[in-house]
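Respectively, the protein sequence lines represent chains A and B. Using my numbering, the letters of the first sequence map in sequence onto residues 1 to 303. Using my numbering, the letters of the second sequence map in sequence onto residues 1 to 326.
Hint data in this document are derived by calculation from the structure and do not stem from the laboratory. One or more of the hints may lead you astray.
Selected chain A positions facing chain B (in silico; Cβ < 8 Å) [what the hints assert, rightly or not]:
id	residue
1	Ala-142
2	Gly-233
3	Leu-260
4	Gly-263
5	Pro-266
Negatives, chain A to chain B, calculated, CB over 10 Å [claimed, not checked]:
id	residue
6	Met-34
7	Ala-49
8	Pro-57
9	Gly-70
10	Pro-71
11	Ala-74
12	Arg-95
13	Leu-98
14	Phe-118
15	Glu-198
16	Ile-245
17	Ala-276
18	Leu-292
Every residue gets a Cβ at the ideal spot worked out from N, C-alpha and C, and that includes glycine.
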Amino acid sequence: MNATRVHTVDIGPRSSWLPRPLWRAVQTVWSNRMARVGVVILGVLVLVAVFAPLLAPYSPTDTDFGRSVGPGAAHWLGTTGSGQDAFSRLLYGARVSLVVAFAAGILSTVIAIAVGLFAGYLVGLAEETINFVVNLFLVVPALPLMIVIATYSPSRGVGVIVLVVVLTGWAWGARVLRAQTATLRGRDFVAAAEFSGERPHRIVFREILPNMTSLVAASFLGAATAAVLGEAGLEFLGLGNPNTISWGTMLFWAQNDNALLVGQWPQILAPGLAIALLAASLSLINFGVDALSNPRLREGVSR
Amino acid sequence: MVRRLIMFVATLWAAVTVNFFIPRLMPGTPADAALAKLAGTGPVSPAQKQAIEDTLGVPHTGLASQYWHYLDDAAHGRFGISYTYFPEPVTSLIRTALPWTLVLVGSATVLAFVVGTLAGVLAAWRRGRVIDAVSTVGSTFTSAFPYFWTALLLLFVFAFKLNWFPIKGGYQASVSPNWSPSFVADAAFHSVLPALTILVSGLGGWLLGMRNNMVNTLGEDYVTFAEANGLRGRTIALRYAARNALLPNITAFGMALGLVVGGSLLTEVVFAYPGVGYLLYNSVVNEDFPLMQALFLAITVSVLVANLIVDLLYGLLDPRSRRRAA
C-alpha cells in the first residue's frame with residue numbers, strides 16, 4: 001500500500017453547465033482508458049444513427065440495385081436478396097438498436113432499483129415476498145419467455161420487443177442491488193442513521209443508494225447490453241417485424257437468403273459486428289463506472 | 001436446507017402457474033387455433049383434445065376448474081400432441097431432445113465457468129500487466145458477441161470453408177441414436193462447434209466477473225495482513241483472495257444459467273442441433289402452441305433444478321449464508 005499517494009481527480013477547467021459532483025464523475029469515467037474507448041465507440045454509433053440519412057449512400061428501402069450483388073465499390077457490403085443496399089441498411093439499423101438499448105435499459109434499472117433496495121432493506125414477510133418474485137423472474141429463462149410471449153403477440157414491432165426485454169431484464173439488477181443492500185444494512189453508518197431516527201425510505205435512498213452508484217450504473221449497462229442482444233436474437237428468429245430496418249432483421253434476412261452459402265458473408269459479419277461493438281462499448285464504459293464508487297478499480301492505483 | 005427445498009417447490013409451482021396464465025392472457029384463442037390445425041392433420045382422441053384445452057385454455061368452465069385440470073395434466077405429463085410432428089405426443093418429443101441440450105449446455109457451461117474463473121484470478125493477480133489488458137479487453141468483446149452470430153461465423157469458417165466439422169445436426173443422419181462407442185464419438189464430433197460457440201460467448205463474462213471480485217478482495221485488510229506476514233504471492237492469491245472472490249461468481253453462475261440456456265437455444269437453431277432449442281424454434285415457426293408451451297415448461301424446470309443445485313452448493317461453500325438463513 002502506498003499510503004502517502006492520494007488519488008486526486010483533476011477537476012480541470014470548471015464546467016459551468018454541470019454540477020461539480022457530476023463533473024467529477026464524468027472525469028473519473030473518462031480517466032479510465034477502456035471507458036474512454038467505450039465512450040468513443042458509443043459516440044460514433046450515436047452519430048451514425050443521428051446522421052444516417054446524410055451518411056448512407058442510398059435509401060435503405062430502395063430495392064432496385066439487383067438482387068444479391070456481391071460487395072464492390074458501388075455497394076460496400078453488397079445488396080440483399082430483395083435488392084437493397086446492405087451498407088445503407090447497416091447505418092440506419094443503428095437507430096433501432098440504440099433506442100431499444102436505452103429504453104429497455106432505463107426502464108429495467110428503475111424497476112431494479114425500486115425492487116432491489118426495498119427487498120434488501122426490509123425484513124420479514126415483505127422481504128421474502130419480493131425476493132420470491134425476483135427469484136422467479138430470474139430462474140425463468142429470459143429468451144424462451146420472450147419467444148413464447150412474442151409468438152402469441154399479434155403485433156410485431158420494436159415496442160413489443162422493448163416490453164418483453166424489460167419484463168425479463170429487470171430482475172438481474174434487482175438481485176445484485178438487493179445483495180449489496182443486505183450487506184450495507186449491517187454497516188455502522190446505517191445503524192447510526194437508524195438510531196438517529198431516520199425514516200426507512202430516506203435510509204434507503206440517501207444512505208444506501210449513493211454507496212451503490214457503480215452497481216446501479218452497472219445494472220443499466222447490463223440491462224442495455226442484454227436488450228441489444230435479446231432484440232437481435234428475437235429478430236434473428238423472425239419474431240420481430242421483418243420490415244424494421246435493424247441489425248437483427250438484417251441477420252434474419254441474410255440467414256433466410258442463405259447469405260453464407262452464396263458468398264454474401266459480409267452481410268452476416270457486419271450487422272453482428274455492429275451489435276458486438278454496441279454491446280462491448282456499454283461494457284467498456286462499465287469499467288470506468290466501476291472506478292467511480294470503487295477506487296480500488298481505478299487505473300494507476302497500486303494495490 | 002429445508003427452507004431452500006420449500007423455496008424450490010414454491011418457485012416450481014409459480015413457474016407452472018405462469019405457464020398456465022401466459023396463453024390465457026394473450027389475445028386470441030391459441031387453443032382453437034391449435035385444435036383447428038390438429039383437425040386438419042388427422043384424428044385427435046378426446047383425451048388429447050382435453051389435454052390441449054387444459055394447457056392453452058378453452059373457456060368451457062371456470063378458471064379454477066381449468067387450473068385444477070391443468071395441474072393434474074402437468075403432474076401426469078399430459079400436454080397433448082404436436083401437429084408439427086403428428087401424431088407424436090409432446091412429452092416424447094421433449095424426452096428425446098432434452099438429453100442433447102443437457103449434455104451440450106451442461107459441459108460447455110461448466111467448462112466456460114472453470115476456465116473463465118481461473119483466467120479471471122490470473123488477470124486480477126497480474127493486474128495492469130499485458131495478460132490482464134489482453135484478457136480483459138478480449139473478453140469484453142467476446143462476451144458482447146451474440147451467440148447465434150458466433151455460431152454463424154464458426155459454421156462459415158470451420159464447417160463451410162475448411163470442411164473440418166459437419167455443417168449441421170447432432171449425429172450422422174444415416175444412423176439412429178444408440179450408445180455404441182462409434183455413435184457417441186460421432187455425436188461428440190458434431191457437438192464441437194456448438195460447444196465452442198457457448199464457450200466463446202460465455203467465457204468472457206466469468207473472466208470479467210471473477211477479475212473484479214478478485215480486485216476487490218485483494219484490497220481487503222486480511223490480504224494486506226497476509227502480505228505483511230510474508231506469505232507467498234500464490235498462496236495469498238489462491239487460498240486467501242480467490243476463495244472469497246469466488247462466492248459472488250457462483251451466485252452469478254446461478255443467475256446466468258437462464259441466459260446461457262437462451263444463448264444455446266439460438267446456437268442450436270444455427271446448427272440444427274437436435275436439442276430443445278431447435279425444437280422450440282420449430283414449434284414457434286409452425287405456431288405449434290402445445291409443443292411450445294410444454295417446451296417452455298421443460299426448459300424452465302431444468303433451469304430451476306440447476307439453480308437449486310447451485311444454491312445448495314453455495315450454502316456448503318459459505319458458512320455465513322447458512323447462519324443468515326437459519
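Quick rundown of the hints versus the structure:
{"no.": "1", "hint": "Ala-142", "verdict": "holds, 6 Å"}
{"no.": "2", "hint": "Gly-233", "verdict": "holds, 5 Å"}
{"no.": "3", "hint": "Leu-260", "verdict": "holds, 5 Å"}
{"no.": "4", "hint": "Gly-263", "verdict": "violated, 10 Å"}
{"no.": "5", "hint": "Pro-266", "verdict": "violated, 11 Å"}
{"no.": "6", "hint": "Met-34", "verdict": "violated, 7 Å"}
{"no.": "7", "hint": "Ala-49", "verdict": "holds, 18 Å"}
{"no.": "8", "hint": "Pro-57", "verdict": "holds, 25 Å"}
{"no.": "9", "hint": "Gly-70", "verdict": "holds, 16 Å"}
{"no.": "10", "hint": "Pro-71", "verdict": "holds, 15 Å"}
{"no.": "11", "hint": "Ala-74", "verdict": "holds, 24 Å"}
{"no.": "12", "hint": "Arg-95", "verdict": "holds, 18 Å"}
{"no.": "13", "hint": "Leu-98", "verdict": "holds, 15 Å"}
{"no.": "14", "hint": "Phe-118", "verdict": "holds, 18 Å"}
{"no.": "15", "hint": "Glu-198", "verdict": "holds, 24 Å"}
{"no.": "16", "hint": "Ile-245", "verdict": "holds, 18 Å"}
{"no.": "17", "hint": "Ala-276", "verdict": "violated, 5 Å"}
{"no.": "18", "hint": "Leu-292", "verdict": "holds, 13 Å"}
Taken one by one, the earlier hints fail for this structure at numbers 4, 5, 6 and 17, listed in ascending order.
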